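**Student:** The residues making up each chain are set out below.
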Amino acid sequence: MPDSMIPQDARDVTLGEYLAARGVSRRAFLKFACSLASLMALPPSVGTAMAEAMAKARRPSVLWFPFQECTGCTESITRSHTPTIEAMIFDMISLDYHETLMAAAGHQSEAAREQAMKENAGKYLLLIDGSVATGLEGAYSCIGGQTNLSWLTEAAKGAAAIVAVGTCASYGGIPKANPNPTGARAVSDIIKDKPIVNIPGCPPIPVVLTGVLAHFLTFGTLPELDPLGRPKAFFGETIHDRCYRRPFYDQGRFAKTFDDEGARNGWCLYELGCKGPVTYNSCATVKWNGGTSFPIQSGHGCLGCSEPDFWDKGSFYRPLSVGQWGNAATLGGAAAVGVALGAAAAYAARRRQDKIAKGD
Amino acid sequence: MAGVSDRRDTAYATAILHEIADLLGQLAAEGRGGAIDLRAMPLGPEDRSRLEQVLAEGAVKASIDAGGPSEIFETVYPGVWWARHRNEAGDTVAEFIEVTDCPQFLRSQAEDIRDGCAGLRRLLDTSHPQ
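So the sequences go chain by chain: A and B.
Residue numbering for the first sequence follows our numbering, starting at 1 and increasing by one per position.
Residue numbering for the second sequence follows our numbering, starting at 1 and increasing by one per position.
Accuracy of the hints is not assured; some may be wrong.
[As the list claims (entries may be wrong)] Among chain A residues calculated to face chain B with C-beta under 8 angstroms, some are:
id	residue
1	Val24
2	Ser25
3	Arg26
4	Arg27
5	Ala28
6	Ser35
7	Ser38
8	Pro44
9	Val46
10	Arg242
11	Tyr244
12	Gly290
13	Gly291
14	Pro295
No lab work stands behind these hints: they were computed from the structure.
Quick caveat, the model's predicted, so the values are computed rather than measured.
Think of the CB as a built atom: it goes at the ideal place given N, C-alpha and C, for glycine as much as any other residue.
Based on the provided sequences and hints, a complete structural model is requested.
**Tutor:** What follows is the structure in structure tokens.
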């Protein structure tokens with residue numbers, strides 16, 4: 001009998017029964033559901049309905065395959081030094097395969113994977129992190145003698161849905177950066193006949209995955225997605241839209257170096273390369289490390305890590321330029337006055353940086 | 001609303017207070033309130049200060065330990081409750097203004113009541129076998 005992270009009989013009970021057996025009260029679970037509803041921008045009243053629905057749901061089998069990845073996505077999602085409600089993500093699912101977390105290794109782990117796929121055919125959720133190597137017919141990235149490409153195409157056949165975790169799986173990410181030596185591709189470039197949700201970010205915000213799974217358990221479907229396959233609840237607005245430094249952008253107050261008066265006063269980081277105006281994510285509201293902070297709050301501009309090809313769009317420290325990050329309409333998501341102001345600030349900042357580079 | 005600042009830096013607070021007033025009127029007239037998710041809005045420090053000033057603590061305050069500490073108090077306006085939920089690490093995970101006669105989170109949950117009843121009966125059967 002191959003190892004499994006979850007006892008066999010625990011998969012046959014509802015999520016509510018499973019949590020109750022672990023000493024989690026219904027009130028605690030209600031709090032968890034309400035906080036998730038809040039994060040997903042659902043009305044507060046939905047939290048109660050989510051708790052009721054999720055408590056009755058069976059824990060789905062989840063297979064997590066790592067491809068061309070750095071394990072940063074797993075690190076992000078498992079980073080919990082103390083037990084928190086967010087850590088319940090692993091109680092909500094039956095995680096039947098995860099190379100970093102599972103005790104089994106080698107042939108035992110592969111046997112566990114095959115058994116889970118067979119027993120849950122058509123019903124399991126397939127989570128992928130890392131891009132898919134397609135060069136040399138996929139030989140650049142293999143596990144157990146099989147290419148990631150063949151693993152993906154085989155496992156996708158029996159999956160109810162696929163979740164691409166992180167920017168690499170969602171869009172190709174760092175492995176796909178120029179010159180893309182391994183032929184890295186996104187999951188959605190390979191699989192065309194299954195529902196796929198992209199959760200980009202380098203790494204992604206942990207609770208986004210929790211929210212997607214909660215939505216799946218509550219409603220039986222993936223959440224509403226934007227044109228890039230991202231859940232709108234978390235990727236419906238730009239960082240710029242919800243940034244607490246936005247008033248300074250509107251007032252034309254920009255930090256010009258990382259240690260000037262503007263930086264010390266927390267002014268807008270647009271001139272220092274912030275990609276917030278064209279980056280869709282929840283960093284400005286959900287934040288990181290349990291809501292502690294996010295890059296801009298810590299004094300560094302947004303890198304745009306949840307957008308496709310962010311590695312190949314020029315310096316992180318030069319202001320947005322229309323040519324690399326889109327067109328005027330893209331940059332003009334804010335008020336027209338803000339666009340003009342931002343464009344002027346960007347021009348001035350690039351001139352200033354060029355002078356510094358020349359030693360003027 | 002008389003006496004509430006309409007300065008730009010408390011604009012969100014003003015909007016929320018108006019919404020609360022509408023919900024409270026609805027609760028009084030029809031018995032149907034609602035809730036406002038404070039984390040859904042980019043409140044600045046001035047907004048938060050204004051809300052805390054207007055919606056000060058009233059007569060009822062409850063501390064709950066369920067998946068981390070939570071604090072719920074009725075404000076000086078009966079029917080308007082402020083709920084702050086934290087996880088075991090102390091991080092705020094949700095914050096609501098609820099307009100209701102009693103927040104759902106304060107009520108004992110049906111399944112917990114049934115489990116508690118069964119547990120008490122087991123204790124009594126063990127202590128005083130018939």
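**Student:** Should the interface hint for Arg27(A) be scored as holding, given a Cβ-Cβ cut-off of 8 angstroms against chain B?
**Tutor:** With a minimum Cβ separation of about 4 angstroms from chain B (threshold 8 angstroms), the hint on Arg27(A) holds.
**Student:** A closest beta-carbon separation below 8 angstroms is what the hint needs, so does Pro44(A) meet it against chain B?
**Tutor:** Holds, about 4 angstroms.
**Student:** Would the hint on Val46(A) be counted as holding, given a Cβ-Cβ threshold of 8 angstroms to chain B?
**Tutor:** violated, 10 angstroms
**Student:** Can the hint on Gly291(A) be confirmed by a CB-to-CB distance to chain B that is less than 8 angstroms?
**Tutor:** With a closest approach of 5 angstroms, the Gly291(A) hint holds.
**Student:** Double-check Ser35(A) for me: the hint is only fine if its C-beta lies closer than 8 angstroms to a C-beta in chain B.
**Tutor:** This interface hint holds because 4 angstroms falls under the 8 angstroms limit.
**Student:** Go through the hint on Ala28(A) and say holds or violated, using the shortest Cβ distance to chain B against 8 angstroms.
**Tutor:** Since the shortest Cβ distance to chain B is 3 angstroms, the answer is holds.
**Student:** Take the shortest C-beta to C-beta distance between Pro295(A) and chain B; is it under 8 angstroms?
**Tutor:** violated, 17 angstroms
**Student:** Holds or violated: is there a CB of chain B closer than 8 angstroms to the CB of Gly290(A)?
**Tutor:** holds, 4 angstroms
**Student:** Can you verify the interface hint for Ser25(A): is its Cβ closer than 8 angstroms to any Cβ in chain B?
**Tutor:** holds, 6 angstroms
**Student:** Verify the interface restraint on Arg26(A): the C-beta must sit less than 8 angstroms from at least one C-beta of chain B.
**Tutor:** holds, 4 angstroms
**Student:** How about Val24(A): closest beta carbon in chain B under 8 angstroms, or not?
**Tutor:** holds, 7 angstroms
**Student:** Could you check if Ser38(A) really has its C-beta closer than 8 angstroms to a C-beta on chain B?
**Tutor:** holds, 5 angstroms
Checked against the numbered hints above, the structure breaks hints 9, 14 and satisfies the rest.
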